[in-house]
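K.L.:
According to UniProt numbering, the stretch in the first sequence is residues 1 to 718, in order.
Please note that the accuracy of each hint is not assured.
[Said to hold, decoys possible] Here are the simulated DSS-like pairs of lysine-lysine, each with C-alpha atoms no more than 27 Å apart in a straight line:
| id | residue 1 | residue 2 |
| --- | --- | --- |
| 1 | 513 | 558 |
| 2 | 283 | 167 |
| 3 | 258 | 222 |
| 4 | 696 | 141 |
| 5 | 258 | 233 |
| 6 | 673 | 696 |
It is worth saying that the hints were derived from the structure and are not from the lab.
Bear in mind the structure is a predicted one, so any value in this text is a computation, not a measurement.
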Amino acid sequence: MSDSAKPVDALTEAEAADELALLAVEIAEHDRRYYAEDAPIVSDAEYDALRQRNAAIEARFPELIRENSPSKSVGTAPTGTFGPVVHARPMLSLDNVFSDEEVTDFVGSVRRFLSLPADRELVFTAEPKIDGLSMSLRYEKGRLVTAATRGDGTTGENVTANIRTIKEIPQTLSGNVPDVVEVRGEIYMRRDDFLELVKRMAGSGQTFANPRNSAAGSLRQKNPEVTRSRPLKFFAYAWGEVSEPLAATQYDSVQRFKDWGFPVNELMVRCHSLDEMIAQYRKIEAQRATLPYDIDGVVYKVDRLDLQERLGFRSRSPRWATAHKFPAEKATTVLKAIDIQVGRTGAMTPVARLEPVTVGGVVVVNATLHNEDYIRGIGNSGQPIRDGRDIRVGDTVIVQRAGDVIPQILDIIPEKRPADSTPYVFPDRCPVCDSHAVREEGEAVRRCTGGLICPAQAMERIRHFVSRNALDIEGLGEKQIEFFFNQPDPSLRIRSPADIFTLAERQRNSLTKLENIDGFGAVSVRKLYAAIDARRRVAFWRFLHALGIRHIGETNSKRLARHFHSFDALRRTAELAEPPDGRGDAGNPEWQELVGVGGIGAIVAEAVVDFFDEEHNRQAVDDLLAAGVTPLDEEVAAAISSPVAGKTVVFTGSLERMSRDEAKAMAERLGAKVAGSVSRKTDLVVAGPGAGSKLKQATDLGIEVIDEDQWFVRVGQG
DNA sequence: GTGCCTCGAGTTCT
DNA sequence: CTCGAGGCAC
Numbered sequence: 001m002s003d004s005a006k007p008v009d010a011l012t013e014a015e016a017a018d019e020l021a022l023l024a025v026e027i028a029e030h031d032r033r034y035y036a037e038d039a040p041i042v043s044d045a046e047y048d049a050l051r052q053r054n055a056a057i058e059a060r061f062p063e064l065i066r067e068n069s070p071s072k073s074v075g076t077a078p079t080g081t082f083g084p085v086v087h088a089r090p091m092l093s094l095d096n097v098f099s100d101e102e103v104t105d106f107v108g109s110v111r112r113f114l115s116l117p118a119d120r121e122l123v124f125t126a127e128p129k130i131d132g133l134s135m136s137l138r139y140e141k142g143r144l145v146t147a148a149t150r151g152d153g154t155t156g157e158n159v160t161a162n163i164r165t166i167k168e169i170p171q172t173l174s175g176n177v178p179d180v181v182e183v184r185g186e187i188y189m190r191r192d193d194f195l196e197l198v199k200r201m202a203g204s205g206q207t208f209a210n211p212r213n214s215a216a217g218s219l220r221q222k223n224p225e226v227t228r229s230r231p232l233k234f235f236a237y238a239w240g241e242v243s244e245p246l247a248a249t250q251y252d253s254v255q256r257f258k259d260w261g262f263p264v265n266e267l268m269v270r271c272h273s274l275d276e277m278i279a280q281y282r283k284i285e286a287q288r289a290t291l292p293y294d295i296d297g298v299v300y301k302v303d304r305l306d307l308q309e310r311l312g313f314r315s316r317s318p319r320w321a322t323a324h325k326f327p328a329e330k331a332t333t334v335l336k337a338i339d340i341q342v343g344r345t346g347a348m349t350p351v352a353r354l355e356p357v358t359v360g361g362v363v364v365v366n367a368t369l370h371n372e373d374y375i376r377g378i379g380n381s382g383q384p385i386r387d388g389r390d391i392r393v394g395d396t397v398i399v400q401r402a403g404d405v406i407p408q409i410l411d412i413i414p415e416k417r418p419a420d421s422t423p424y425v426f427p428d429r430c431p432v433c434d435s436h437a438v439r440e441e442g443e444a445v446r447r448c449t450g451g452l453i454c455p456a457q458a459m460e461r462i463r464h465f466v467s468r469n470a471l472d473i474e475g476l477g478e479k480q481i482e483f484f485f486n487q488p489d490p491s492l493r494i495r496s497p498a499d500i501f502t503l504a505e506r507q508r509n510s511l512t513k514l515e516n517i518d519g520f521g522a523v524s525v526r527k528l529y530a531a532i533d534a535r536r537r538v539a540f541w542r543f544l545h546a547l548g549i550r551h552i553g554e555t556n557s558k559r560l561a562r563h564f565h566s567f568d569a570l571r572r573t574a575e576l577a578e579p580p581d582g583r584g585d586a587g588n589p590e591w592q593e594l595v596g597v598g599g600i601g602a603i604v605a606e607a608v609v610d611f612f613d614e615e616h617n618r619q620a621v622d623d624l625l626a627a628g629v630t631p632l633d634e635e636v637a638a639a640i641s642s643p644v645a646g647k648t649v650v651f652t653g654s655l656e657r658m659s660r661d662e663a664k665a666m667a668e669r670l671g672a673k674v675a676g677s678v679s680r681k682t683d684l685v686v687a688g689p690g691a692g693s694k695l696k697q698a699t700d701l702g703i704e705v706i707d708e709d710q711w712f713v714r715v716g717q718g
């Protein structure tokens, strides 16, 4: 491998061709070691970097893409450890409630939505909420084909090999089973099995905090034999895609899972009234300690599936179900100090430093204190907290993990307050840059006014710029950003987003080489440059999001990108737009266009206009463009990164979800070539019902054949 | 004007 | 995950 990796932009065509040839051989060799010998000699991260480098060079020199290019075997490569699986139906989470009143509200809102009067019966199921990991098991013609974790709800991880080692999960289903069925449920570990595992693994150096974490860790093993040795169990309680309805009700659907051989929870019951639901909750709560597995609440679901369908979904959860959670575990500890963190917008957030304490199996040392008012004990959003008691350094405090994740301070114990304690005074100056910190009328946060003068804000801005939903540059974590930010040598310094993209260029002419500095080797430097180069061409919405304009996060960036198509168009409109003057006019046409974008109102639009009004913002954007960053229209960006880019696709048979023209346009938009007939050059055949000779030819040539639904899944629109 | 619902920006720990 | 706040339908 070449040690002196040049930035991709600096490669000549001949050098690029040479490197592509080398990379093809190198990656093929790693693939062979990984798959055939199960003995890789590079880490996954190093392997990924090679593939990224290959992709970056190919993006710049598409005419050099080799017949044996590694990018043509994307489907088989390990991405991270487990491959991605796009769920045929998203795996949503459940809304949470904590009190009887909220359960009443939930039932009321279901009735209201269905226009169901109070005297008409409405049946719910109630079952314990298992504290484990949700899992989607896809069976086709009765055979287990894929097991996937929830992931972000849309895309999960493929853990099929590990799931196959779990005895409780059937490999094949017998009896009356739909052609396609995705059985969903919870993987968990029993408490007694967990304790035995802890005993068995004592001295192995591995730690097991609780059954849930152990189940998660056991599932993410690279070697399925390790998973096999772990006592994992399963309960089925839901489903994703099904080729035919399972039953008329939730309850009966789960009974079918039982018939097929899945374990189902025996504590699930039907409730015919609100009172019965709450009674069932109390009953399960009372049994909690004696159950062999951990649970964290009770789940209620509307029983009739036709009603579930009418109720439908909100963005992240169904309207027909909710989880009634048990109160979170609490602990007391001492507040040692209150520190102030400064975010990228200047927001000053107080953080509690605590005497270490175990809450819910995890040691907590930090907790957010939200804002000034929270410390002073002023209730916000109508939630009276602590009866007006303030929080002071030295106080003994009650800590819980909200949603069992984020630690928060609920209250203090007044009797234990030291006699000499004084109220906490929230600073009116930034602890980092000493600028004034002001609180806007009606806002809860106090902000540092230092802007980019403030190192904390400048660094946080870069951190946001490279973060996963923005430019997504790997290898620039908090530590690295701080390092580059504080470099005295100009050839090593990163103080603005544009500096990231000029780093390699500045380094080339410098004697202070990054690779000679402790912590950076030649390999990691090469990987960093490759990661940066790979993002010079970036989707417009990511670029927009990365700029950090107020109110412009991921969703609003996508909305604006979809409307304007190019960054130039948005910028031109924003620079010309004039908001209404407040005396009856409605703003000029450019303003009208901005607020006409769905989901963008006056306040968000004004934030965009204000951003481009600022000279230093325009300069920062120009610097980025000058440094070679190119925001791409959505469709062009999709074509570069799509899984079918550069492939030759043939559609055959009758298509049901789209016309042939539509299919062709879609494939081309995603960077694929569409051919009329199958030949050795064909990479993929999409076959509908009635496919004939082309299908046979494809099978003869060993070309991959998928159906229309799989095509949609493949291109991420499943 | 009110009351959803969604979004952005903040947060922890493994 | 939680909070505050913006957008929009009523």
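K.L.:
Give a verdict on every hint.
P.N.:
Consistency of the hints with the structure:
1. 513 with 558: Not OK: residue 513 and residue 558 at ~39 Å, beyond 27 Å, violated.
2. 283 with 167: violated (30 Å)
3. 258 with 222: violated (30 Å)
4. 696 with 141: holds (22 Å)
5. 258 with 233: Holds - the C-alpha atoms of residue 233 and residue 258 are around 15 Å apart, at most 27 Å.
6. 673 with 696: holds (21 Å)
When each numbered hint is compared with the structure, violations occur for hints 1, 2 and 3.
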